[in-house]
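S.K.: Read off the chains here:
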Amino acid sequence: MVSLSINGMLVKVPQGTTILDAAKKLNFRIPTLCQHDDLCVAGNCRVCVVEQLGGRSLLAACATPVSSGMQILTNSLKVRAARKHVIELLLSEHNADCTKCYKNGNCELQDLSNEFSVGDHLLLDLTETKEYTIDRFSPSIIKDDSKCIRCQRCVRTCEQLQGVNALTVAYKGEHQKISTFEELSMAEVICTNCGQCINRCPTGALVERTYLDEVWDAILDPEKHVVVQTAPAVRVGLGEELGFEPGERVTGKMVAALKRLGFDSVLDTDFSADLTIMEEGTELLTRLKRALVDKDPSVALPMTTSCSPGWIKFIEHTFPEYLPNVSTCKSPQQMFGALAKTYFAQVRKLDPKNIVSVSIMPCTAKKYEANRPEMRSSGYKDVDYVLTTRELAKMIKQAGVEFRKLKEDKYDSIMGKSTGAGVIFGATGGVMEAALRTAYEIITGREVPFEGLNITPVRGMEGVRLASIKIEECKEEWSFLNGVELKCAVAHGLVNARELMNRVKSGDLIVHFIEVMACPGGCLGGGGQPIPTNEKIRKKRTEAIYAEDMSMELRKSHENPEVIGIYKEFLGEPLSHKSHELLHTHYTERVRY
Amino acid sequence: MKDKHVKRVDLIFEKIECRDVLEKIIDMEPDAICQEILESDLKGRGGAGFPTGMKWRFGSQEESSIKYIVCNADEGEPGTFKDREILDQVPGKVFCGMAIAARAVGAKAGYVYLRGEYKFLIPKLNEELAKFHRTMDEFNQNFRIQVRLGSGAYICGEESALFESIEGKRGEPRNKPPYPTTSGLFGKPTIINNVETLVYTVMIMKYGASHFKELGTKDSRGSKVFSVSGDTPKAGIFELELGMSVNEFVEEFGDGDTKAVQVGGASGFCVPRKRFEETIIGFEGVPTGGSMKLFNSTRSMYNVLHNYLDFFTEESCGQCTPCRVGCQQLLKGVEAVKRGDKNSKYLDELVKLAKTMKRASKCGLGQSVGNAFGSIVENFKEEIIY
Ligand SMILES: Cc1cc2nc3c(=O)[nH]c(=O)nc-3n(C[C@H](O)[C@H](O)[C@H](O)COP(=O)(O)O)c2cc1C
Ligand code: SF4
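As they're listed, the protein sequences go chains P and B.
Per the numbering used here, numbering of the first sequence is gapless, rising by one per residue and ending at 607.
Per the numbering used here, numbering of the second sequence is gapless, rising by one per residue and ending at 697.
Heads up, some of the hints might be wrong.
[Claimed, not checked] Here are the simulated SDA-like cross-link-like pairs (lysine to any residue), alpha carbons at most 20 Å apart as the crow flies: (1) Lys663(B) x Lys550(P); (2) Lys480(B) x Tyr607(P); (3) Lys663(B) x Leu138(P); (4) Lys666(B) x Gly69(P); (5) Lys663(B) x Ser71(P); (6) Lys592(P) x Tyr607(P).
[Stated by the list, open to error] With the C-beta cut set under 10 Å, the calculated list includes, among others, these residues of chain B facing chain P: (7) Pro488; (8) Ser540; (9) Thr543; (10) Gly547; (11) Thr624; (12) Ser627; (13) Val636; (14) Leu642; (15) Thr667; (16) Ser672; (17) Lys673.
I should point out that these hints are in silico values taken from the structure, not numbers from a laboratory.
Note that the Cβ used here is the ideal one computed from N, Cα and C, for glycine as well.
So here's chain B without its partners, still in its complex pose:
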């Protein structure tokens, strides 16, 4: 057992001299960079948790004169606002992370896909970008970054939909395979990482993989930035060591009356009080892209669920059947149960439907609707029915 339940960390927002890191990695062999990231066990912070080192190695092994680095700053998950903070506080580190990725795979161009609502950040980002490009020039590096503004669709945070969007098309997810490392933006090998992931790669290159690995657990190395919201006296952004239980988290952030925590936003899981103790926040338990929403006993979990379903019914891109129609059926279905038009058994049918959505949907959105649905219906059945 760790002595402190919830341990604050200061890696992401630590002000560092990016120049030094850049100078260091420019002299490194691309493969050595991939190796260092691989050894750190860093997993993507955008939600899916794919090992970053592996992603980069795949990208580096592709034969192509054109490759891209994309920073996913779409941050559309309800309840997350950490990427905004990172871009606001330490934009240079984000670009630096992209440059490291570029060096690792041999890319010359990068894009930051910025959430439409974060337009206000653009002047600052451009200023920082000019500085970054000057540094690149000094080091004789031809890696260049552009900022692209999203248009407010949640689905455009999904990597392949994001590529479509940058390409000027309708933001709809593509079939996989091929994966982005083989065929991503403009059909070229592409590394796409979350804002936070990229900043961690900077810190790993600065302090070494072993330093990063000292934090966290076997399955969830390092720390993570959490966006804490809901019924909490301490809403805000916190970088914490991974590996804590929901109980430890609630002790720190709860208001004393927490009945459930939604870990990972609309696409994440709802953890009820009785599971706080046994549930680890991380890849071995409930993973999260950073959103932590606390609910106290005054909240109707029916309303919580209804909100999420409303969100998905709107934000599904609509192209595939299980997700487009499934979301509507779940939403209308719980409404019908609440009204008493359908009996409680109908919820079981809906749980089965949610399972099909998880298995048969084309992308992560449809596949994850069942997370919130299943966990809320299972744990708060009475609140849904009555």
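Only chain P is shown next, with the shape it has when bound in the complex:
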């Protein structure tokens, strides 16, 4: 333990603690910008400088470990002068047209300049003589360099959490900027659209491309029947934007709010998550049968999940040789979209051309996914607009809906019914768990041998997790699986996905089934979720997801009555011709940069 004093108060902290954390212990908040709990220390914004008595220069509190006997001042004259200068400097280089900014009211630089009353700028406005690029080519992400403060959170996110490295630092001195390979647009490079950078950007330099106006127009158009689907992770995140604590579930209120906003049918992506399990589970079993019984050498194993569009784009760029291994199932969002304009239209007797299909996602990659040319199997664009959790919160505010006071409501039908298995899609390991709950039962006729159906080995926050389940006493038609130990791997955060795939590639790891979620923690930690998102918050949302699962009447996808119904009335059986037409897709190799 190290003893030091901060503003005259003594504190003891473990060796290696930063001044920032030591101060936190004494309830002194030191302002920061480049610091983020998920990322390594950068120490480059210099907002957190503090004074050490007797020291010549100031110290960056986020980057400096405490030492014994240190006397730190977090609010001295020198500190205040420097801090104010730093904020003024950042503002002098920043397009401070705050009222017109998408992040107005949710900007860390704005908060700081407010806190330090940086009113009348003494320094020169440098933005007047600079040329900034605004990149609007991506369907998911807008990158506006005029608002960038070079904290490099995005660069660190892309490198350390995602292992993608689409964003890099280019040039030096006054020309230094955050850029991409050869300054191509975000749409042309390896960017997976995961939006983790957006979630960490302290200003409005990286934001989601919003489709709010388009959605409002559709809602307010009497000709249109607007269908909305909500992803599992939205219900455990939305509350944070609307005054609830992280981890508070707001499913019923969210449904009520969506109805008040004027959506004609409020439905659930969890339904198509259950459907995904039927298709993907069957696909896995079929692949296993071809490998084990037919000894077909062309069958690609391990099979990987395909629900995370960030993961899909990542593998298309970085491991294209493994594309045959990716499940051909569309993601739940896109399955839902294809069915909304076919099955749903048919049952509800609607003309698909009048249906506008909207999805609320914790994800920015879903915006890209909805725009993929393959995603038009209904004959129309299957999903017209994708909004993030944050955008939904904005809609609710715009409409003046008092969210807190809403009474809980229930999803409409059809395509609104779900099980706990669909809900846990929102957490890393959830698809694996849902698939095992169903597959094991199909094969053996018995429930998975885990207490309360909770397959805990696949849960957790470890970057890569391995689990296996021994299959015994199979039903007649699955007897070829008797004695097989089904081996599974789960990864979340693309940096971990890369590690996992490298292990598979080197032959060091042999598994049958892989689940990958592009975002840390799974969808609940998605790029479209409330800001901030960090480890602590992800854990809270995870608890909420599993609590939601436990609260459901049905916990296994194959028991979803609407899923049973759609096979009976419309699809036939999993992997049927119709399923293939509507619910499956293919992938494309992409550039390496």
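Following the hints, position chain B with the ligands against chain P.
M.R.: Just chain B with the ligands now, kept in the frame of chain P:
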């Protein structure tokens, strides 16, 4: 008072038999080497002036099977060209210095980080290196050196940015601590020294610390190689005893009309005529990595300052706010004052800003912009305004 104002010294370029020095140090205990260097009071010649013996001792105390010796030959400071000359004239002595450091701390690998523009030296260095490695073999020493070429960024001379660069990353300074002796190149304990520093360690091991200490003053022992440029009839490279005043220097090198001397390049201080007498060139006065630039009365100090600010605005790595934006503000600020868009009071604001840059910047670059700025604005205010 010394009898001769400016005393020439010939240690750095003295042709010696490095073999003999190597043979001697190989038999010495590592700690005895550190002790000898420590006793010499040698301070780093790269600019920061950290006691070399102390650096080596810190390095030797680290527990690590891998340690590195890095020779900083990036020489990016405007107005310095002495390391080039040293590498050209006595490359063997530079390698010898690295071998002494390696012996002192227990390192097996060394790097010479060579300024990109000095590429032409590579054939010569490689030839000399082959000779050096043969000698090491003869002595059963497994210390090996590689030459790495920089890519032209001034910031890559900053030690931690230099490590990043060798590691193949963007040359951006790291947070300190940890210092290089704890975690340097590839995260391993590393001794980084300037070219000239390393050669002095050779001469100290050859002639003894006491011999070296006979030269210079209490705070600035020994001699130093100066790169003299600007308005002088004697531009070039000179090894001089430390401890002279700027006045003595100007008497020797000035053209009779010297109004200011920039000591230490862009990151150093500008000494005006009225301070020549009282200012000692050395760690007790104005330290210098070797650059001495003289300005006579025909020079506009506004232009001089503008040049330096231009340089820093370009050469800042750009990662930290005070330096990246501060440099632009200082540059645009003096321009605005010159144009009359801002009144002279604005210079006071800029001086305050430069102080923040000194205190709050992440590395030595941003921290030293205020040196030239403060000293020029303070002493030549009229030239800046009118
Ligand atoms: C911006 C910047 C540039 C530097 N450039 C050089 C350089 O070109 N050569 C050098 O020896 N030291 C340079 N230094 C100093 C090094 O960081 C380091 O202190 C030095 O190499 C240590 O060697 P010494 O103790 O022998 O002087 C620079 C420092 C800064 C902040
Ligand atoms: S002071 Fe300048 S050069 Fe040094 S880290 Fe900061 S921006 Fe880079």
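S.K.: Work down the list of hints and note, for each, if the structure agrees.
M.R.: Verification of the supplied hints:
no.	hint	in the structure
1	Lys663(B) x Lys550(P)	41 Å, violated
2	Lys480(B) x Tyr607(P)	17 Å, holds
3	Lys663(B) x Leu138(P)	15 Å, holds
4	Lys666(B) x Gly69(P)	14 Å, holds
5	Lys663(B) x Ser71(P)	14 Å, holds
6	Lys592(P) x Tyr607(P)	37 Å, violated
7	Pro488	7 Å, holds
8	Ser540	24 Å, violated
9	Thr543	30 Å, violated
10	Gly547	31 Å, violated
11	Thr624	5 Å, holds
12	Ser627	5 Å, holds
13	Val636	4 Å, holds
14	Leu642	9 Å, holds
15	Thr667	4 Å, holds
16	Ser672	7 Å, holds
17	Lys673	6 Å, holds
When held up to the earlier numbered hints, the structure conflicts with 1, 6, 8, 9, 10 and fits the remainder.
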